[in-house]
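Trainee: Start from the sequences and build out the full structure, keeping to the hints where you can.
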Amino acid sequence: MRIAHASTLTRSSRALAAVQRRALHTRTELRYNVDHGLGDFLPPAALKIVAVDYQQGLLDRLNQLIPTTKYETMSLPQTVIQSAPNAQDIAIFNTASQALNNAFFLDNLRPSEPDADADLKGNSEFANKVIQSFGTIENMKSVVSATAMGMTSSGWVWLVEDMRGELAALPTFGAGTVLVKERLHNGGTVYYGTNNPPVSPSPTPASSSSPPRSGMSSPTSGTIHPHPRRNPPDSRAIHATKVAAQVGVTSPFKPMHGLNYGVSSGAVNPNLIESQRQHMVEARQQIGEQLTPLFCISIHEHAWMAAGLGVWGKEAYLQRFWTALDWSWLLRDFSSSSTLGHAGSRGYL
Numbered sequence: 324m325r326i327a328h329a330s331t332l333t334r335s336s337r338a339l340a341a342v343q344r345r346a347l348h349t350r351t352e353l354r355y356n357v358d359h360g361l362g363d364f365l366p367p368a369a370l371k372i373v374a375v376d377y378q379q380g381l382l383d384r385l386n387q388l389i390p391t392t393k394y395e396t397m398s399l400p401q402t403v404i405q406s407a408p409n410a411q412d413i414a415i416f417n418t419a420s421q422a423l424n425n426a427f428f429l430d431n432l433r434p435s436e437p438d439a440d441a442d443l444k445g446n447s448e449f450a451n452k453v454i455q456s457f458g459t460i461e462n463m464k465s466v467v468s469a470t471a472m473g474m475t476s477s478g479w480v481w482l483v484e485d486m487r488g489e490l491a492a493l494p495t496f497g498a499g500t501v502l503v504k505e506r507l508h509n510g511g512t513v514y515y516g517t518n519n520p521p522v523s524p525s526p527t528p529a530s531s532s533s534p535p536r537s538g539m540s541s542p543t544s545g546t547i548h549p550h551p552r553r554n555p556p557d558s559r560a561i562h563a564t565k566v567a568a569q570v571g572v573t574s575p576f577k578p579m580h581g582l583n584y585g586v587s588s589g590a591v592n593p594n595l596i597e598s599q600r601q602h603m604v605e606a607r608q609q610i611g612e613q614l615t616p617l618f619c620i621s622i623h624e625h626a627w628m629a630a631g632l633g634v635w636g637k638e639a640y641l642q643r644f645w646t647a648l649d650w651s652w653l654l655r656d657f658s659s660s661s662t663l664g665h666a667g668s669r670g671y672l
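As numbered in my numbering, residues 324 to 672 make up the sequence shown, in order.
Careful: at least some of the hints might be erroneous.
Stated by the list, open to error - Pair by pair, the computed Cβ-Cβ distance ranges are:
no., residue 1, residue 2, range
1, Asp-383, Thr-475, 24 to 32 Å
2, Gly-633, Asp-376, 17 to 25 Å
3, Arg-354, Glu-624, 24 to 32 Å
4, Val-375, Trp-652, 14 to 22 Å
5, Gly-631, Asp-440, 19 to 27 Å
6, Glu-448, Lys-393, 38 to 46 Å
7, Trp-652, Ala-368, 20 to 28 Å
8, Ala-441, Leu-353, 17 to 25 Å
Derived from the structure by calculation, the hints contain no laboratory data. Cβ coordinates follow ideal geometry from the N, Cα and C atoms, glycine included.
Mentor: This is the structure:
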């Protein structure tokens, strides 16, 4: 019988350790069966593309990028935080952040139901919070969906809660994220709702090459906001989130109070009264201090293309999203005496 030499065993152990390091990040099992899909929003084949093929591809790419770096022993949130301020690690940040955002998006879904808002309406405390921030539940959907329709590139739209307990819609572009504030690439715009009904902007002529227009009359598609600035300020230094405290990470940046962040109402209102204007000024001063994400929507063409909605299927995709949003999961820990904080409780922050 042959006896392996110690050097051979050592090499084998090192090879095994290298393989284990390269397999550091794996997909988290979802609460629902991917094979069954999410109704009309993401049928089985579409959900597999978004939740399995795309997510696994991101993690595989990340696992190829991190060997021999300080990131090979870090969790996904740690990787995003630590890579955010380092320009040389942009590929690692982009890949890790996209994977983290996509996981958060998928975590808040469930198979479509006829009355998907029942759990939201049944939670009177949170329903009142929505009404205080947006006027109505339908207007909240309109603001979130219109924010997404105003994006000309891929990214994410988030429903967030600020330090005062008010809700707002927030877009981030590319690999920008709200889960880790060092890379909040949102063009400087947070869309707060008002208690006034949306006012549609003046229509603009469509060229012969433009895609079909729907008129945006549905409350779940809403009015389109002015597009955020194409070149946002470097907002990597806004602040560290709760994940930094949990994993013992200190942000290398201080809060940047001088950022020119604008706040617009949920819909353009020419009759904005002075009290509302002052409210906007106060909100602007607090942006960057703390934003807690409640859910996000993936704004990527591959999502609505996979769902069979075509290249111009973004609006239909947004309309169907609300049928698959799991309000019971989102609101399971909500109480009127505290902010939502669900992202933190689920290990994202």
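Trainee: Decide, hint by hint, whether the structure agrees.
Mentor: Results of checking the hints against the structure:
With their beta carbons about 29 Å apart, Asp-383 and Thr-475 fall inside the hinted range of 24 to 32 Å. Between Gly-633 and Asp-376 the Cβ separation comes to about 19 Å, which falls inside the hinted range of 17 to 25 Å. For the pair Arg-354 and Glu-624, the beta carbons lie near 26 Å from each other, so the given range of 24 to 32 Å is met. Checking the proposed 14 to 22 Å range against Val-375 and Trp-652 shows it holds: the Cβ atoms sit about 20 Å from each other.
For the pair Gly-631 and Asp-440, the supplied restraint of 19 to 27 Å holds, since their beta-carbon distance comes to about 25 Å. Taking the beta carbon of each, Glu-448 and Lys-393 are about 43 Å apart, inside 38 to 46 Å as hinted. Distance hint check: the CB atoms of Trp-652 and Ala-368 are about 24 Å apart, consistent with the given range 20 to 28 Å. In this structure the supplied range 17 to 25 Å holds for Ala-441 paired with Leu-353, their Cβ-Cβ distance being about 22 Å.
Figure legend: structure checked against the earlier numbered hints; every hint is met.
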